[in-house]
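**Q** Sequence:
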Amino acid sequence: MIGQLILALLLLVPTSPLRVSVFTPSSYSQALPTNCDVPVCFLPASSVVPYAKHAGVDADQITQAVSCFEEKIERRVLPITGATFSDCLSKCLGSLSVDPAGDEEIEIIVHNPTFDLASYIWTDPSSSVSSSSPSIKFVSAFTNIVDPPSPRSFIAPTKESLSTALSTLIGSSSTSDSPGLSDTHFNTKIPLSYSSIISTLKTSKITHPTSTTEPPPITLESKAYHRTFQKPDLYISPETESQTCEVLLRYLSLPLALGVISPSEVIELNSVLKDDMEDRIRLESRVNSETKVNDGIWFLWNGFFAKYYETSPESPDPTKPAVVLCHGFGGSGRQMSSLASELSKLGHTCHAPDLIGFGRSHKPRILYTQYLWSMYLSDFTRRFVESDEIVLGGNSIGGYTVMASASEINNAETSSGGGGTVKGVALFNSAGVLYPPSDYKTLISTEGTIASQTMNDRLPPFAPPPSFLLNLGSNVILRGLRPRIRPILEWLYPERTSRVTDELAKDILNDSYDFGASSVIISGGKLPSPQSANELLDPEEDGFGGPVIVCQGTEDPLNDAKLRADQFEQVRDDIEIRRIKAGHCVMDEKPAEVAEYMVEWMDAKC
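The sequence shown maps to residues -17 to -1, 1 to 589 in mature numbering (1 follows the signal peptide of the UniProt record, and there is no 0).
Hints were generated in silico from the structure; no laboratory data involved.
Treat the hints with care, since some could be wrong.
[Stated by the list, open to error] Listed below are the simulated EDC-like cross-link pairs for lysine to aspartate or glutamate, each with C-alpha atoms no more than 16 angstroms apart in a straight line: (1) K303 - E369; (2) K564 - D586; (3) K564 - E524; (4) K303 - D586; (5) K36 - D556; (6) K328 - E583; (7) K142 - D41; (8) K257 - E224; (9) K303 - D525; (10) K545 - E559; (11) K303 - E251; (12) K424 - D525; (13) K406 - D586; (14) K185 - E251; (15) K188 - E224; (16) K406 - D371; (17) K206 - D440; (18) K588 - E538.
[Stated by the list, open to error] Here are the in silico distance ranges between beta carbons for each label pair: (19) G77 - P299: 38 to 48 angstroms; (20) D278 - P299: 55 to 65 angstroms; (21) A587 - S295: 16 to 26 angstroms; (22) D549 - A587: 54 to 64 angstroms; (23) E369 - A66: 18 to 28 angstroms.
These numbers come from a predicted model, not from an experiment.
We put the CB at the ideal spot given by N, CA and C, even for glycine.
Starting from the given sequences, assemble the full structure and let the hints guide the process.
**A** Encoded structure:
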């Protein structure tokens, strides 16, 4: 009798529910409460696939992030893959031997990432939980529990099996052939671990594990970078604050993209990055607060925020090539909107990214070079342009960038056997050195191409102006340009000054006030030796050998535009020239005329 009474009283005592804490991609940096019974990482295809694409990460890197999270909380994590959140939830309950229809009380605690890019996670986790099991209680915040029950045991998959499962979900389309900054700028490829990240931030020195490392890919961008700093072991022991900032920002590109560490944590560990991380937090807020329709799409490139604009025709024609439009120095993808609109009327889908360092995109304090921008554009095109045939078009330095990217994309496509092919290049008053054909042939026969000289360390020592002069000059330039933006634009649009709108001037002004804008201006004073347009369009030297059209604004006040049109005509016999009475930004000053020439050329040659 007494025993039955005690049992009845025990049944009346409330018990603490099982706490299952669910983490999603890019939310690993959030703190885990000590009273959580089971930390679970849900990796549903509905969130992982867009996450991998927009963040530019692959299955192995996401697997590394889960391992970092385990190291951070010093507990085993149960990673679960599935098609949807509900699928993952069912698998989770099965792994924990929980009967959804039983009387056991369970609380599912979901961690939403502070920055979800394109809504990586499920739309309504509460509804998903309810539909899977009505008896499960969903909470969106932590609840303190006194004396939580013992953690439930579970068997987590191995790293290899998790990576394989993620590869099946993600596929090969979301992984990039372009090496990331954290891959190309170290003497060895560094495995991602939470302890190494913390150590690097505390000491500002990167330790290279001797095991499990492999040589990184060598690129023109990394070679130009090391030549600029003239310090081969820069990543081991940076000498100045600017070098420290550069090294750490590049090192953190992957951990930040994966959410392994948060900007606030970085600030606590290394004050050198305080301004950069506070800017990152502001950008996260900007991304999450933007509500305008058709105001661009955010993504991550090497851990940095970037934006692009997509213009689609009402009736897309899959037989027509997609067009990627690249703006010039100081511009943005929005400056390509009029041309994109005209091309879309004729059946072409257009993409116009803000180059890293320009427009709404991130302006980190890193070294900007033409190789960085071409690597960015190549990676963007492979990740986001879903077309087998692509045409690249660029204005000013954007023209130089598309010439370089065209061969990068096609060479990568040939070696990997996948991705779209660049069928043509359109240049709108493009930047780039132009040599007479005879001079170019003499130059490469005696000295070789700039690419070969860069890769083989045969260029003369780099001697940019002193940093203090560059910093002073960039601030003077910005202060001098801001009040004169509209007059300068009207000078660049001599035939149709009405095309210079208040919105265009305001966009450029606002972008110039972004943190890091002066760092981009500084880059103009220390760009590495450029490849000539002859070299970039020379298929015998790994340049682009496909169709090229030059839409040249003949009234460009920045140079002798008519002479440059003649020079482009001499580079290759098959380059087509269209001389248009317009200024430097011919594609925006006379978009309908440029679009008409482009479509006629694409229909015939691409």
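**Q** With reference to the structure, classify each hint as holding or not holding.
**A** Hint check:
Annotation: proposed proximity of K303 to E369 holds, straight-line Cα distance about 12 angstroms (limit 16 angstroms). Of the pairs offered as hints, the one joining K564 and D586 is violated, with about 24 angstroms between alpha carbons and a cut-off of 16 angstroms exceeded. Under the criterion of a C-alpha separation no larger than 16 angstroms, the hint pairing K564 with E524 is inconsistent with the structure, at around 34 angstroms. A C-alpha spacing of about 8 angstroms is found between K303 and D586, which places the hinted pair at or below 16 angstroms, so the restraint holds.
A hinted pair counts as satisfied when its Cα atoms are at most 16 angstroms apart, and K36 with D556 does not qualify at roughly 39 angstroms. Distance restraint check for K328 and E583: the Cα-Cα separation of roughly 14 angstroms lies within the 16 angstroms cut-off, and the hinted pair is therefore satisfied. The straight-line distance between the Cα atoms of K142 and D41 is roughly 14 angstroms, inside the 16 angstroms bound, and the hint therefore holds. The hinted pair formed by K257 and E224 meets the criterion: a straight-line CA distance of about 12 angstroms does not exceed 16 angstroms.
As the CA atoms of K303 and D525 are separated by approximately 26 angstroms, the hinted pair breaks the 16 angstroms bound. For the proposed pair K545 and E559, the alpha carbon gap of about 14 angstroms is at most 16 angstroms, so the pair holds. Between the alpha carbons of K303 and E251 the distance comes to roughly 51 angstroms, so the proposed pair goes past 16 angstroms and is violated. This hinted pair checks out: K424 and D525 have alpha carbons roughly 15 angstroms apart, not beyond 16 angstroms.
A C-alpha spacing of about 11 angstroms is found between K406 and D586, which places the hinted pair at or below 16 angstroms, so the restraint holds. Pair hint K185 plus E251 holds up; C-alpha atoms about 9 angstroms apart against a cutoff of 16 angstroms. At roughly 12 angstroms between alpha-carbon atoms, K188 and E224 fall within 16 angstroms of each other, so this suggested pair holds. At roughly 9 angstroms between alpha-carbon atoms, K406 and D371 fall within 16 angstroms of each other, so this suggested pair holds.
With a CA separation close to 8 angstroms, the supplied pair K206 and D440 stays within the 16 angstroms bound. For a cut-off of 16 angstroms, the pair hint linking K588 to E538 is broken: about 27 angstroms separates their Cα positions. Between G77 and P299 the CB atoms are about 43 angstroms apart, so this pair conforms to the stated range of 38 to 48 angstroms. Under the hint 55 to 65 angstroms, the C-beta atoms of D278 and P299, about 21 angstroms apart, miss the expected range.
At about 24 angstroms, the beta-carbon gap between A587 and S295 stays in the expected band of 16 to 26 angstroms. Between D549 and A587 the C-beta distance comes to about 22 angstroms, which lies outside the given range of 54 to 64 angstroms. Distance hint for E369 and A66: a CB-CB separation of about 21 angstroms, consistent with the stated range 18 to 28 angstroms.
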